[in-house]
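Trainee: Protein chains in written order, with numbering that gives the first Met the number 0: chain A, 0 to 510; chain B, 0 to 510.
A few of these clues could be false.
Identical copies go unnamed one by one, so any copy, or any two together, can satisfy a pair.
[What the hints assert, rightly or not] For lysine-lysine, the following BS3-like pairs were computed, each having C-alpha atoms within a straight-line distance of at most 30 Å:
| no. | residue 1 | residue 2 |
| --- | --- | --- |
| 1 | Lys-394 | Lys-23 |
| 2 | Lys-287 | Lys-193 |
| 3 | Lys-454 | Lys-341 |
| 4 | Lys-23 | Lys-382 |
| 5 | Lys-283 | Lys-193 |
| 6 | Lys-348 | Lys-292 |
| 7 | Lys-1 | Lys-292 |
| 8 | Lys-394 | Lys-493 |
| 9 | Lys-1 | Lys-381 |
| 10 | Lys-23 | Lys-193 |
| 11 | Lys-502 | Lys-478 |
| 12 | Lys-1 | Lys-111 |
| 13 | Lys-283 | Lys-23 |
| 14 | Lys-241 | Lys-23 |
| 15 | Lys-61 | Lys-381 |
No wet-lab data here; the hints were simulated from the structure.
There are 2 protein chains.
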Amino acid sequence: MKSTIMDFDLTIHDIFWRIEKLYKEKEIVSRLKDNEIVRYTYLDFSKRVRKLANFLKKYEIKNNVVGSIAWNTHRHLELYFAVPMLGGVLHTINVRFHPTEMEYVINFAKDKIVFYDEEIPKSLEENTNATFISMNTIDNIVKEETEIGEFEDVNEKDGAIMCFTSGTTGHPKGVIYSHRSVFIHSLTLLSLIKENDIVMPVVPMFHISAWDVPFATMMTGSKLVLPGIKPSSADLANLIEKERVTLTVGAPTVWISFLDYLRNNKYDISSLRYIITGGAEPPKGMVKEFLEKYGVSVIHAWGMTETEAITTINTSKNIEEISKQGISLPSIEYTLITPDGKEGQWDGKTIGELIIRGSWVINEYYNDEKRTNESFVEINGKKWLKTGDLVVISKDGNIKIVDRTKDIIKSGGEWISSIDLENAIMSYEPVLEAVVIGVKDEKWGERPIAMVVLKDEYKNKIRGDDILNYLQSLNKFPKWWLPDKILFVDSIPKTSTGKLDKKVLRNITSK
Amino acid sequence: MKSTIMDFDLTIHDIFWRIEKLYKEKEIVSRLKDNEIVRYTYLDFSKRVRKLANFLKKYEIKNNVVGSIAWNTHRHLELYFAVPMLGGVLHTINVRFHPTEMEYVINFAKDKIVFYDEEIPKSLEENTNATFISMNTIDNIVKEETEIGEFEDVNEKDGAIMCFTSGTTGHPKGVIYSHRSVFIHSLTLLSLIKENDIVMPVVPMFHISAWDVPFATMMTGSKLVLPGIKPSSADLANLIEKERVTLTVGAPTVWISFLDYLRNNKYDISSLRYIITGGAEPPKGMVKEFLEKYGVSVIHAWGMTETEAITTINTSKNIEEISKQGISLPSIEYTLITPDGKEGQWDGKTIGELIIRGSWVINEYYNDEKRTNESFVEINGKKWLKTGDLVVISKDGNIKIVDRTKDIIKSGGEWISSIDLENAIMSYEPVLEAVVIGVKDEKWGERPIAMVVLKDEYKNKIRGDDILNYLQSLNKFPKWWLPDKILFVDSIPKTSTGKLDKKVLRNITSK
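Can you build the whole structure from these sequences, using the hints too?
Mentor: Set out below in C-alpha cells:
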C-alpha cells in the first residue's frame with residue numbers, strides 16, 4: 000500500500016542547502032603550506048562552490064569522473080560538493096599510492112580532470128588522458144567565475160565519491176559511494192557530532208571521504224578544522240590549541256605519535272572531548288593516557304573502504320572493553336559465518352568471518368566482476384559482504400575482531416590471533432608499536448614472530464626475554480601462542496592508509 | 000553514474016533487527032489500568048510481536064489496513080511493529096474523535112480489524128465492516144501462537160502508519176507515513192535521544208505515531224516508558240520518579256497542568272533532563288519554571304500531521320528565544336511565500352506562509368484529490384506543502400510562527416497576531432491559560448478578544464483592566480492590538496489533539 004509521503008532524494012544538495020541557508024556564519028579553518036591558515040564562513044564556502052561548479056560545468060562533468068590527489072583543505076572540500084552536485088563523481092586518489100598505482104586508478108576510473116595539491120609524478124600526465132589542474136588554481140577560478148544558478152538534478156543512488164582500496168593483493172579495487180549512502184551515513188554520525196562541536200578530521204580526505212566526517216560536520220553546522228598537507232603531531236596540537244577543537248578523528252597510529260609528541264611538548268588541548276579512532280584497534284595504554292592525562296574519551300569505531308568508514312561503534316565507557324568493535328549504526332546489519340558457510344552463534348566464543356549488509360555497504364567492486372564474485376555470500380536469501388575479518392560476536396551483538404582472515408596464524412591446526420598478541424605486547428610500558436606475523440614452519444605450519452619498536456627511553460634496555468616474560472605474566476595465552484622470535488626495529492612499515500603493512504613484513508621475513 | 004552501494008531499504012524491519020539482536024535486555028515499562036505496571040525486555044517484546052504477527056497474518060494484512068483506538072501501552076507498541084512488518088498499514092485512530100468521525104475514518108481507510116483499549120461506541124460495530132478486537136485479547140493471542148519466521152518483504156516507500164488530521168473544517172484528512180519516512184525521521188531524532196536515556200512519550204500514540212518517538216527510542220535501544228490510558232499529572236510524576244525518566248515528550252498544555260500539579264505535590268523528578276514539546280508555543284513562564292525549579296530544559300519543536308511531527312527544532316539555550324520554531328532537521332527544506340505567491344525574504348520581518356518539502360512531508364492527502372490540490376504550491380520547479388502557518392524567517396533560517404493563516408486577526412487592514420497576544424497574556428503571573436480570537440467588527444473588520452483562565456489563587460482577584468495594564472506595561476504592542484474584551488473562564492476548549500480549539504470559541508462568541 001503506497002504511502003502519501005513525497006519523493007525526496009537524499010543528496011549532497013540537501014546538505015548544501017543547509018550550508019547556504021541555515022549556517023551562513025559558521026566557520027571553516029584550513030591549514031595550507033607553511034602553516035598559512037585560511038579562515039572563511041560557510042557562506043563564503045557556498046559561493047566558491049557555486050563558482051567552481053560553473054567552471055567545472057564546461058568540462059561536462061555530469062556522469063563523468065573528476066580526480067583529486069589532495070589533503071584535507073578547504074579546496075578539496077569545495078570539490079567534495081561541486082563535483083557530486085554537478086552529477087559527477089569525485090575520485091579521491093590516495094596520495095600515498097605508487098605512481099604506477101595512481102596511473103592505474105586514473106585510467107581505470109577514466110578521470111577527465113585531476114586536481115592535485117603538490118607536485119605530481121611526471122608520468123601521470125604522460126600515461127593518462129586526464130587534464131591536471133593544481134588546487135592553487137581554484138583561487139583564480141573563483142575570482143573569474145560567476146556563481147552557478149542551479150546544480151544538476153541527481154538520483155539519490157547516483158555515485159558521489161569514488162575511492163580505491165589500498166590493495167594488498169593485485170590492483171586496487173574501486174568503490175563508488177552514492178549521494179544516499181553519504182547522506183544516511185552522515186545522519187547516523189550526528190549521534191556523535193553536535194552543532195557546537197569544533198571538528199577536525201585528521202583521517203585523510205583522499206581515502207574513504209574522510210569517513211564522511213566533513214559531510215556530517217557540515218550537515219549539523221559545526222565549525223570544521225582541516226589540518227592540511229601532511230600534518231605533523233605539532234601541527235595537530237597547534238590546531239587543537241588555537242581553534243579549540245572538541246572532536247577529532249583519525250587512526251590509532253596518528254594518536255600514538257601525537258601522545259608521544261605531547262610528552263615533550265606543552266600544549267593546551269583542554270578543549271578536546273572525544274577522539275573517534277578506527278582502522279585498527281586502539282591500544283589500551285593510549286586510551287588510558289588520553290583519558291587520565293587529558294580527560295579525552297577515545298571512541299573505537301570500525302569500518303572499511305567497502306563499508307564507507309564508520310559502521311560499528313563501541314559505546315562502552317570501560318577501557319577494558321575498548322578493543323571491541325561494538326555494534327552497528329542504524330541500517331547496518333551483520334552476522335558471522337563459520338568455515339562451513341553457515342551462520343555462527345552469537346556467543347562470544349564461535350569464531351567466524353564477519354558478513355555485513357546495509358545502507359553504506361558496497362554491492363560490487365567497480366568494473367571488477369571477478370573480485371566482486373569472491374566477496375559476497377548469500378545467507379537467508381540476502382546478499383552480504385564478506386569483510387575478511389574473523390570475529391566473535393557476543394549475545395548482545397558486540398563484535399570483537401580476532402584477526403584478519405589473511406593474518407591469523409595457523410599453528411599446529413589451531414588459530415593464534417596476531418591482533419591479541421600485538422595488543423598484549425603494546426600494553427607493555429616500554430613498547431611503542433608492535434606487529435605479529437606468522438612465518439612458515441615445517442613442523443607447525445606457521446609460527447608467530449613479533450617485531451617491536453621500543454620507546455626512545457627504553458631503547459637497548461629491553462630484551463626479547465623481557466617481553467616474553469611479560470606476556471607470560473599476563474596469564475592470558477597458552478605457551479604455544481608466544482612468539483618464537485622478538486625482533487627489535489626502528490619503525491614498522493605502514494600501508495598507504497596508515498595500517499601496519501603485514502604484506503611487506505612477510506616478504507622481509509621470508510627472505 | 001551508478002554507485003556501487005547495495006540497495007538496502009530503510010524499513011521498520013531494520014529497527015526490529017536491532018531490537019531483537021542488539022538490545023535484548025533493554026526494558027519497556029507500560030502502565031495499564033489501575034496503575035498496573037507491565038515490565039518486560041526488548042527480547043520479550045520481539046517474541047510477542049512475532050506471535051502477534053503470526054495471528055494477524057491469517058487476516059491477510061498485507062496491503063490492508065488495521066486500525067487501533069488506543070493509548071500508549073506495550074500492546075499498542077506491538078501493533079506498531081507487527082502490522083507494518085506484515086506489509087500492512089496501522090491506522091491509529093484518535094480516541095478523542097466523535098463516534099461519527101471514528102466511523103468515517105474506519106470506513107474511509109477500509110480498516111479490516113480495529114484493536115481498542117476500552118469500551119468503544121456501539122455504533123462502530125454496526126456502521127463499519129471492521130472486526131473489533133480488544134487490546135486485552137493480545138495477551139491470549141500470544142499465549143496460543145507460535146513465533147512467525149519471516150515477516151513480509153516491503154518496499155521502503157510502502158505505507159506503515161496512517162492517521163487523520165483533527166479536521167477543523169470538513170471530514171478529517173488522511174495521511175500515510177512510509178517505512179522510509181519513519182526511519183529517516185527517527186534517525187534525525189537520535190541527535191536528541193541517547194542510548195542511556197529513559198524516554199517517556201506522553202504525546203499520544205493514537206496521533207502522528209507519537210511523533211515517531213517510540214521508533215527512535217527503540218532504534219537506539221533506550222528504556223521506553225509508556226504512560227498508558229489517560230495519564231494524569233499524578234501518573235506522569237509517579238512514572239518519572241519511579242522509572243527515573245530522563246526525557247519526555249508532549250504538548251505544552253500537558254506540562255502546564257503538570258507544573259501546576261507539582262506545586263502542591265512533592266515528587267522527585269531530578270532524573271529528568273529534557274522535555275521536547277510541540278503542537279503549540281511553550282509559554283516562557285513554563286519553560287523558566289522547569290529550568291529554574293527543576294533543572295529541566297524544554298526544547299521547542301514544530302511539526303504537523305502533514306509533516307510527521309518533529310520537523311524543526313529550536314536549539315537555542317536562551318529562554319527569550321523559546322517561542323521560535325527553530326531550523327529544520329536534515330532532509331527538510333522550507334521557505335515562505337508572500338500573498339502574491341512569490342518567495343519572501345528571510346529577513347525576520349517579511350510575513351508569509353511557511354512552505355515545506357522533505358523526507359517526511361506528505362505529497363497528498365489519502366484519496367482526497369480536492370483538498371490535495373488546495374494544499375501544495377510549485378516554486379522553483381519543486382512541489383511544496385503549504386503549512387497554513389504564517390511565519391517570519393530570520394537570515395539564519397530561524398522560523399517564527401506569527402499565526403495560523405486562519406487565526407490571524409485582520410483589523411483595519413493590518414494584521415494582529417493572536418499568538419503574540421496569547422503569549423504576552425500568559426507571561427502575566429496570575430494567568431494559567433489564555434486564548435485570543437478575532438470577532439467580527441463593523442468598523443475594523445475584526446477585533447481581538449481574549450479568554451483567560453486564572454490560577455486558582457488569583458480567581459476573582461484579577462480584573463480585565465489588570466491584564467490590559469500589564470500588556471501596555473510590556474511596551475510591545477501598539478494600542479490598537481490590545482483586546483477589546485477580556486473574558487474570564489474556567490477552562491478553554493481543546494481539540495482532540497490538545498490544542499486550543501479556536502473554532503469552538505469562534506462559534507461561542509459569535510452567538
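Trainee: Which hint numbers does the structure go against, in order from smallest to largest?
Mentor: The structure conflicts with hints 3, 6, 7, 8, although it agrees with all the remaining ones.
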